[in-house]
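Protein chains: 2
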Amino acid sequence: MKPDDLQPSPGWTLSRRAGRMTSSAIRDLLKITEQPGIISFAGGLPSPLTFPVEAFRAACEKVLREDGRSALQYAASEGYAPLREAVAALLPWKVDPAQVLITTGSQQGLDLVAKVLVDQDSRVLVETPTYLGALQAFAPMEPQVVGIASDDEGVDIADLARRRGDARFLYVLPNFQNPTGRTMTEGRRQALVQTARELALPLVEDNPYGDLWFDAPPPAPLAARYPQGTIYLGSFSKVLAPGLRLGYLVAPPAVASKLVLAKQAADLHSPSFNQRLVAEVLRDGFLERHVPTIRTLYRDQRDAMLEALAREMHGLDLRWNAPAGGMFLWARLPAGIDAARLLPRAVARGVAFVPGAAFYAGEADARTLRLSFVTASREQIAAGIAALAATIRENPRP
Amino acid sequence: MKPDDLQPSPGWTLSRRAGRMTSSAIRDLLKITEQPGIISFAGGLPSPLTFPVEAFRAACEKVLREDGRSALQYAASEGYAPLREAVAALLPWKVDPAQVLITTGSQQGLDLVAKVLVDQDSRVLVETPTYLGALQAFAPMEPQVVGIASDDEGVDIADLARRRGDARFLYVLPNFQNPTGRTMTEGRRQALVQTARELALPLVEDNPYGDLWFDAPPPAPLAARYPQGTIYLGSFSKVLAPGLRLGYLVAPPAVASKLVLAKQAADLHSPSFNQRLVAEVLRDGFLERHVPTIRTLYRDQRDAMLEALAREMHGLDLRWNAPAGGMFLWARLPAGIDAARLLPRAVARGVAFVPGAAFYAGEADARTLRLSFVTASREQIAAGIAALAATIRENPRP
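Top to bottom, those sequences are chains F and R. Heads up: the first sequence begins at 220 in the numbering used here, then just goes up one per residue. Heads up: the second sequence begins at 220 in the numbering used here, then just goes up one per residue.
Just a sample of chain R residues kept apart from chain F, beta carbon distances all over 12 angstroms, derived:
(1) 405
(2) 507
(3) 560
Think about it this way: if two alpha-carbon atoms lie no more than 30 angstroms apart in a straight line, the pair counts; the simulated BS3-like pairs of lysine-lysine are:
(4) R:281 / F:281
(5) R:313 / F:250
(6) F:313 / R:250
To give an idea of the interface, some chain R residues facing chain F are shown, with a C-beta separation under 8 angstroms as derived from the structure:
(7) 233
(8) 327
(9) 491
Please keep in mind that the hints were generated in silico from the structure rather than gathered at the bench. Just so you know, even glycine gets a beta-carbon here, dropped at the ideal spot from N, CA and C.
Extracted from the complex, chain F is given alone in its bound form:
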């Protein structure tokens, strides 16, 4: 390779959106957390202990033996019909399989939603804070993203009404939210749907964690209450395995037909082999036996983290919540401590977390941080929270 081959020629002109794309702060921060020996509460990954490897081995063997050539061929953009039917049957409201679109992870669902609903400078509403991956998926369509005030029960309805404007939709993650772990209450869901109807505001409801409840199922989805006004996104990443990249969305018919066309243009279809594997694994009520084992593991680790926080943070002005499911706990540092500046000190003591600032569409609360409790063991959680407490204690107040 000649030296000048390493430089792009002068003719390359990047799109405006590409000029704005930068590596996420989280991505860069996470690199420092990947050092060996670090106890990481920073990841967004499910515990690999929950992956049903044996079930996938059996499914691979069966699918390739019975239907190998079809499973390896091109297929319909909408998805594999038996999987669409299985998804419709899993959902807690009446869904026509024709409205189900299989996506390459629910991240792709967010990309397709943005393509079909967002023009340059379109207004898009999100919670405060919100899922960073959604902000990244929407960004290429160049929306104006507006954060709606939110509290422990969900979005603030009065602020939503005030700031609705000509927004194309409100993006909301009601169950065990990433990053906060919070769950929208029944009362807030009712108020949100009523207000959305009054304001003619479409909803995009993201529900990757809803099955991971610890004590009782969360309230019914928004889509079950307002199907004609809601696009619902689901995922197999947290209940089976993320490495297959399979999610789905359910949309009102007129929107669903456009989403299918956007899907076809994006990657023709999601892997037919993977779709058959998941359809095979789902047979005979597998999730009903498998998901409770994930709940038990994650609940136990959440309990360990709550116990460790109560034990170690005594006397510190650290606040945290107690998520009723999912993978994440949200905490707020004492006044004057910036989570991003605390992180390198914590890593030096062997523990990592994600500073919360990256999850805000508008002004960030720099004192917040996200702690995942699903990939560390009880012992690691105890040691990691102790190290975090020591880091906060030694932190010089400004």
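Based on the hints, put chain R in the right spot on chain F.
What follows is chain R alone, placed relative to chain F:
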């Protein structure tokens, strides 16, 4: 479900691009070709006889046994390192694995290229005719697509220079093109690269079929001659199987870094399980043993189609080419016969093809049609071409 749940609520506002999305003419036409008993030359699918099902069974078993939990976990957006290294090693010029991005089929590569290089109304140049899927992938970014005159040797260099304007790139499929089956000659490649350098015109080179040569390999890729000015797209869909949805792209470093960010926003990463399967199947030179069997099958069927055309089209003013590889043959009907209008009559006689008009960015040649020779047997090819000849003979001239 209440009746009004079937209609979207009044609040939905589609993006401008979604308003322009319509189901492709081909997609609608293909539905009529899927009737049982039809001999179809219309598909764009590889022959499922070529899929190495046993190799994938062995790979599934090995990957899940040795590395199951990692294979089912989230992974890096760039792709699985051993697969990126394998891709770099397969390519006939010096490629740094850091420049290789694994994509969810090469269709996704086209989506990412458009996101990173195309703004609304950006000028994009394509061959005449060109791959329909590329037009669909570029469309959401709302380019102005300009068809460059092309002949049997490839794009017309003089027309390219005349119409370069401020185009962001030229999209070109030099080997056994979809839809025409034609291959850009060595002389035209040299002239194109020289002109692209002079005009500072980036190239997007799509090469899904290059390995499927029948007698001799095609000339070296454009990317091998002009790496700093070319994004190269490749695919495992035609040499292994499309149902895994794995392709790749190679880009100059400054562009590659933006493509990775666009990839992360689009679907986080391509399925880690599938990437490990393909990396496993590729070991020990599998393609060197496997691809020749595809070439032999497809060459035999191309020969069958050429023989049938010579035999059956005698006395008709039908012109066709003799592709040196790939999956498609291109033909032009006698004056006054429109391929789209001929299709229903052909289907009534039991044979289907794709009218060529859909493949033109500008004014279409309605007399053209695309014939796939890879999924029909020699006997079906003979019968299908005879039926097509009979259809043309009975067709009333205007």
